[in-house]
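Trainee: Residue strings, one per chain:
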Amino acid sequence: MIRGFASRTGQMLLVIFGISVLVFAIFFATPGADPTARIAGRGASPQVVARIRAEYGFDRPLPVQYLKMMEKLFISRDLTSFVNHGQPVVPEVLQAAPVTLSLVLWAAFFWVSGSLVFGIASAVLRDSWVDRLLMVLGLVGLSIPVFWLGEVVNLVTQSRWHDTLLFRWVPPLGYVPFSQSPFGWAKALFLPSLTLAVAFIGLYARVLRSELLTAMGEDSIRTARAKGAGPVRVWLWHGLRLSWLSYVSLFGLDFAQLLGGGALLTEVVFALPGVGRLTYQALATLDLPLIMATVMYAAVFVVVANALVDGLYALLDPRIREGRHGG
Amino acid sequence: MEAEVLLKLHHLHLELSNGTALLEDVSLNVRRGDALGVVGESGSGKSLTAMSVMGLLPGLRASGSIRFEGRELLGLKDREWRRLRGAGMAMIFQDPMTAFLPVRSIGAQIDEQIRLHERVSRREARARTVALLGRMGVPDPEAAAKRYPHQLSGGLRQRAMIAMALSCGPALLIADEPTTALDVTVQAQILTLLCEIRDSGAGVMLITHDMGVVAQTCTHVAVVYSGLVVEQGPVAAVMARPLHPYTQALLEAIPPLDGPRPDALPTIPGRPSAPDARPEGCVFAPRCRFVRPDCAVRPALREVEEGRRVACVLYDA
Ligand SMILES: Nc1ncnc2c1ncn2[C@@H]1O[C@H](COP(=O)(O)OP(=O)(O)O)[C@@H](O)[C@H]1O
Ligand code: SF4
Ligand SMILES: [Mg+2]
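So the protein lines, in turn, are chains A and B. Counting in this note's numbering, the first sequence runs from 1 upward without gaps. Counting in this note's numbering, the second sequence runs from 1 upward without gaps.
Note that these hints are calculated values from the structure, not bench results. Keep in mind that the hints are not guaranteed to be accurate.
[Unchecked claim] Footprint (simulated), chain A over chain B, 3 or more residues, beta carbon under 8 Å: (1) 112 to 124; (2) 278 to 288.
[Unchecked claim] Just some of the chain A residues that point at chain B, by a computed CB distance under 8 Å: (3) LYS227; (4) GLY230; (5) HIS238; (6) LEU242.
[What the hints assert, rightly or not] A short list of chain A residues far from chain B (calculated; beta carbon distances all over 10 Å): (7) LEU14; (8) PRO172; (9) LEU173; (10) GLY174; (11) TRP185; (12) SER220; (13) PRO231; (14) LEU265; (15) ASP310; (16) LEU316; (17) PRO318.
The C-beta atom is built at its ideal place from N, Cα and C for all residues, glycine as well.
Bound-form chain B, shown alone (with noise of 0.2 Å):
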C-alpha cells in the first residue's frame, strides 16, 4: 500500500566551485499524494535543495542523486531537464509580485508556458489558462487573465502563479515559501489550495520556515539544519515526538496564528553555522543542549522507527 516515490534525493551535495560546500548532505523521499514540508531556519539550505531539483543552479556542483519518477537527474542534459521544467515538475516562488514580468499579462505567461510544452494554439492555450484560474479559486477569470501582475492583490497573484506552475500537470510542484509575503487569512486560502492538489495526487514539496504551516498542510516533514537534513518523518508523529534536539526547538518556537513571525528561534540563542565555518561533528551541536563529547563525530541520518529518521547520538543504538 506504500506509494510510489516520485522524487528521491539521496546524498545530494553541493559545492561552489571553490569547493565550499552549500548542501552537505540532503536525504529525503515524496511520494504521490505526499506534502513533504522542508523547514528550517533560513539560510539553511532549502531553496537551494529545490533550485537544485529543478535543475536552476548551472554554476553549482552538484553530486549525490535526484530521482525523478525513477529517472537520475543528476548529470542529464540542460535541454531534457528543460522538458521536464514546468511539465514534470513545478515550482512556485515566494514572491508572486517579482515572479511574474511585470510587462506581460498574466494571462499571457501562463499561455506561454502552456506552449512550452504542448502544441496548441493561442486560443486553445487561453481557454485552458482560463479555466485553470477559475480552478484556482480566481473570480472572473477571463477578465483577471488580461490584467497585469501589479493589477491583482497577492492572493490573486500567488493563485495566479499556482495555475502557471499546475498548466501542464506536473507530477510535482515544488512551493518555497509560497505564503511569507501574504498576510495570514490569505496564507490559510493558499494553504488550503495546496493541500487540494496533494489529494488530487500530486506530489508537493512545500518550503517553509514555519513549523506551524507544515503542521496545518503536509503529510511529511523534513527538517533541515545547516545544508544537512536532520530529521525526516509523518508529520503527526514528528509533531508529537519530536526526536532531534533542533526539531525540537523547532516546535517549542511555532508563533502564534497571527501576530508578528519571528525570523530567529526564540528558544535557542545563535543562528546556523555559514557554510564554510560548519562544525566538523555534529553541525547542530553548537547550540545543542544535549551536547556530548560523541557529538564531535559527525551522526548519519539513520531510520530509528519506522519511517522516521534522524541524524543524532542520541538514538544511536
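So that you can see chain A by itself, here it is in the shape it has in the complex (with noise of 0.2 Å):
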C-alpha cells in the first residue's frame, strides 16, 4: 500500500518533471522566442541587450537557466513575467484558479446531471424517436465549437434580445467573485458554465447509453430480475453500477483538463480571468515564466487527477483493488 504510494507518486513528480523540461525545450527551441530581444525591444542598443541578457541570467547555460526557473516557481514562488516587468507569475496563477475552478464546477454539474438524464432516458427508450432525438441533439451538441456557441449567446443575450424578459437577468461580461455576491457569482457564471458543459452532455450522454445498454445484457442484470427487483432499480442500481466505470474515469480526466486551464476558449469568449485565458495570454506574448507556471498547474492538476481516478476505480470496482485488473 504505502510502497504503491511512493512510487505512484514517484511516478507522478517524474511526469511532472518532463513535461516542465519539454516546455522549457520547446520554448528556446521556437524561433523568434529569444526573450532577451522581446525584453530589451525593438532597435535597442547592445550594452541595453547585455545588461538584460546578464540580468536575467540569459547568458548561462539552459540547463542551470532551467534549474534557476524552477527554484523560482516552485521553492521561492518569485518568479516574474517576461513581459511585463517584474509581475510575479504565481500570484497570477493562484488568483485565476478560483475563477476557473467555479466555472468549472458549474459546467460539471450541468453535464453530469444533463448527461444522466438524457443517457438514461435513451437507453430505456432505446430505438425509439425520443432516443434517435436525444443522439441526434447529443451529435449536435458535440460538434458545435464553444467559441461559436459561446459568440452566439452573448450576441443573444448581451444584445439582441438582451432587453427582453428572458434575458434581462443576464450581468455584463466578466467575472464575480463569490466572497463578493453569491448569487451574482451564479448569475455570471449560468450562461459560460451551460455553453461549456453542452458538449459534454452530448459526449456523456452517449457514452452513458451504450455502457448502460452494454451492461443491461448480462448475466448478473437478468439475475437481478429474476430476484424480482423493479424496472427502476435494475436500471439505477444494478446497471448503472456496472457501467460508470468508464464514465467516472472519463469525467476524471476532462474535469481536471478544464481545471488545468481546458476550458480557455470559454473563458476567452466570456471574459472571465481564469486559467485558460492566462495561458492563451501567455502562449500569445511567448511569456516563458507565465507558460511554465501555467503549464505546470495544469500538469499537477492532470496528473493528481489520474491517481485519483485510478483510485476511485478500485473503490467502485473490487477486482481491480487486487489487482486483477481486466481480469
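With the hints as a guide, dock the two chains, each given alone in a separate frame, to form the complex.
Mentor: In C-alpha cells:
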C-alpha cells in the first residue's frame, strides 16, 4: 500500500518533470522566442541587450537557467514575467484558479446531470424516436465549436435580445467573486458554464447510453430481474453500477483537464479571468515564466486527477482493488 | 396420493415479433417434491422455457398457458409477476461468476433479494443470509458473505447463488444448467444439494443437456427438441425404456462421468433445426432412423402409458 503510494508519487513527479523540461526546451527552440530581444524591445542598443542578458541570466547554460526557473517557480515562488516587467506569475495563477474552478464546477454540475438524464432516458427508450432525437441532439452538441456557441450566446443575451424578459437578468461579461456576491457569482457563471457543458453533455450521454445498454445485457442484470427487482432498481442500481466505471474515469480526466486551463476558449469568449485565459495570454505574448507556471499548474491537476481516478476505480470495482486488472 | 401440481405449462408457444416461433408447443408439469429434468441439445429452447416461466422475456409473444400454484401467469402484469419472481419461484443460472454483480459482495446481493420481498431490517436480512449460506455448505458463512464473487471458487459461488435463490423460500426452483460451468466433483456436490432441496418439498426444474445429470438428480424428465416437448415421464421408466427415437439417441449419448462432455450427439448426425426452418411434420424427422411417410403430419404429445407421454407416430394406436 505504502510502496504503491510512493511509486505512484514518484511516477507523478517524473511526469511533471518531463513536462517542464519539454516546455522549456520547446520554448528555447522556437524561432523568435529569444526573451532578451523581446524584453529589450526593438532597436535596443547592444549594451542594453547585454545588461538584460546578464540580469535575467540568459547568458548562462540552459540547464542552469532551467534549474533557476524551477527554483523561482516552486521554492521562492517569485518568478516574474518577461513581458510585464517584474509582475510575479505565481500570484497571477493563484488568482485565476478560483475563477476556473467556479466555472468548471458549474459546468460539471450541468454536464453530469444533463448526461445522466439524457443517457438514461435514451437507453431506457432505446430505438424510439426519443432516443434518436436525443442522440442527434447530443451529436450536434458535441460538434458545435464552443467559442462559436459562446459568441452566439453572447450575441443573443448581451445585445440582440438582452432587453427581453428572458435575458434581462444576464449580467455583463466578466466574473463576480463568490465572496462579493454569491448570487452574482452564480448569475455570471450560468451561461458560460452551460455553454462549456453542452459538448460534454452530448459526449457523456452517448457514453452512458452505450455502457448502460451493454450492461443491461449482462447475466447479472438477468439475475437482478429474476430476484424480483423492478425496472427502476434494475436500471439505476444494478445497471448504473456496472456501467459507470468508464463514465467516472472520463469525468475525472475531463474535469482535471478543464481545471488546468482546458476551458480556455470559454474563458476568452466570456471574458472570465481564469487559468485558461491566462494561458492564452502567455502563449500570445510568448511569456515563458507565465507559460511555465500555467502549464505546471495544469500538469499537476491532470496527473493528480489520474491518480484519483485510479483510486476511485479501485473503490468502485473490487476486482481492480486486488490488481486483477481486466480479469 | 398424487402430489399437487405446482407448475403446469400447457401448449406454451413463444414467438418473435416477426412471427418466428421459438417455442412451438411446450407442455410439462412439475409437482411439489418433484425434480423435473428438462433435457435437449443446446438451442432446443430449454432456457426460453425457463425464462418464460419467470416472465423474463418481455420482447417475445407468449401464448398457451403457464399455471403456477393454480394461477395463470400469462397476461399477468409485470408488477404482479415481480412479486412472484424471487419469492414464489427462483432461478439459478449456468455461470455463477457472471450471474452475480461483480462489484458487490455476495452477502449484500442476497440481503437485497430478501429485502425486496420482505420488510426486514438489514441486520435481520444479513442474519438470514449467513444462516442460508451455512445451510448450503459454505464454510465460514459470515466471512463468505462479505466477499466478492471473484473471491470465491466456482462451487462456492454456485452455492451462494442457490442460497440467494432459496432466500425467500420459493415453491419452485428453476436451475438452468447449474453445473455446466463447474468441474465434475463440484458438479456432484451441487446436484446433491438440489436433491436435498427437492426432498424438502420444493419443486425443482433442472435444465440440462446431459441425460446423466437427469439420471442422478431428477424424478421426472421432459425431453425437448427444437421447441417442442417430445417425451415426458418418470425418470426410471424413461431411462429403462425410452420411447421417442430422440430420447433413445440421447440415452445412447450419455457421456462418461469424467472426461470431456461432447456438445453434439455422437449417435446421430446433424443438429436440431433452427426455429425458422422447422419441418412441417415431426420436427425430429430429418434425423430419425424410423422416419416413415406419416411422420409428415406432426404427431401430438399424447399419453401412451400411465404417466408417460410421447409425440411420435410409432406409438399411435
Ligand atoms: N431473444 C431471442 N431472439 C431470437 N432468437 C432467440 C432469442 N432467444 C433465444 N433464441 C433462439 O431460440 C432457440 C432456443 O434458445 P435457448 O432456449 O437458449 O436454447 P437452450 O437453452 O435449449 O440451449 C435458439 O435457437 C436461439 O437462437
Ligand atoms: S414421428 Fe416419425 S420422424 Fe418423428 S420421431 Fe417418430 S418416427 Fe421419427
Ligand atoms: Mg440454455
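Trainee: Take the hints in turn and mark each one as holding or not.
Mentor: Verification of the hints:
Residues of the segment 112 to 124 of chain B lying with their CB closer than 8 Å to a CB of chain A number 4, which satisfies the three-residue condition for coverage. Look at the segment 278 to 288 of chain B against chain A: 0 of its residues bring a Cβ nearer than 8 Å to a Cβ of that chain, fewer than three, so the hint is violated. With 8 Å as the threshold, the beta carbon of LYS227 (chain A) comes within range of chain B, its nearest partner Cβ sitting at about 4 Å, so the hint holds. At its closest, the beta carbon of GLY230 (chain A) sits 6 Å from a beta carbon of chain B; the interface hint therefore holds under the 8 Å criterion.
For HIS238 (chain A), the interface hint holds, the least distance from its beta-carbon to any beta-carbon of chain B being 6 Å, beneath 8 Å. Contact between LEU242 (chain A) and chain B, as hinted, is supported at the beta carbon level, the nearest pair being about 7 Å apart and thus within 8 Å. At roughly 32 Å from the closest C-beta of chain B, the C-beta of LEU14 (chain A) stays outside 10 Å, upholding its exclusion from the interface. No Cβ of chain B approaches the Cβ of PRO172 (chain A) within 10 Å, the least distance being about 48 Å, so the stated non-interface status holds.
With a least beta-carbon separation of about 45 Å from chain B, LEU173 (chain A) lies farther than 10 Å from that chain, consistent with its non-interface assignment. Distance check for GLY174 (chain A) against chain B: the nearest CB is about 45 Å away, which clears 10 Å, and the non-interface claim stands. Distance check for TRP185 (chain A) against chain B: the nearest CB is about 38 Å away, which clears 10 Å, and the non-interface claim stands. A cut-off of 10 Å between C-beta atoms contradicts the statement that SER220 (chain A) is not in contact with chain B; the least separation is 4 Å.
Look at PRO231 (chain A): its CB is around 8 Å from the nearest CB on chain B, not clear of 10 Å, so calling it non-interface is violated. The non-interface label for LEU265 (chain A) is consistent with chain B: the shortest C-beta to C-beta separation is roughly 37 Å, beyond 10 Å. Consistency note on ASP310 (chain A): stated as away from chain B, and its beta-carbon is indeed over 10 Å from all of that chain's, at 16 Å minimum. A cut-off of 10 Å between C-beta atoms contradicts the statement that LEU316 (chain A) is not in contact with chain B; the least separation is 7 Å.
Residue-level check failed: PRO318 (chain A) sits 4 Å from the nearest beta carbon of chain B, not beyond 10 Å.
Of the numbered hints given earlier, the model fails hints 2, 12, 13, 16, 17; all others are met.
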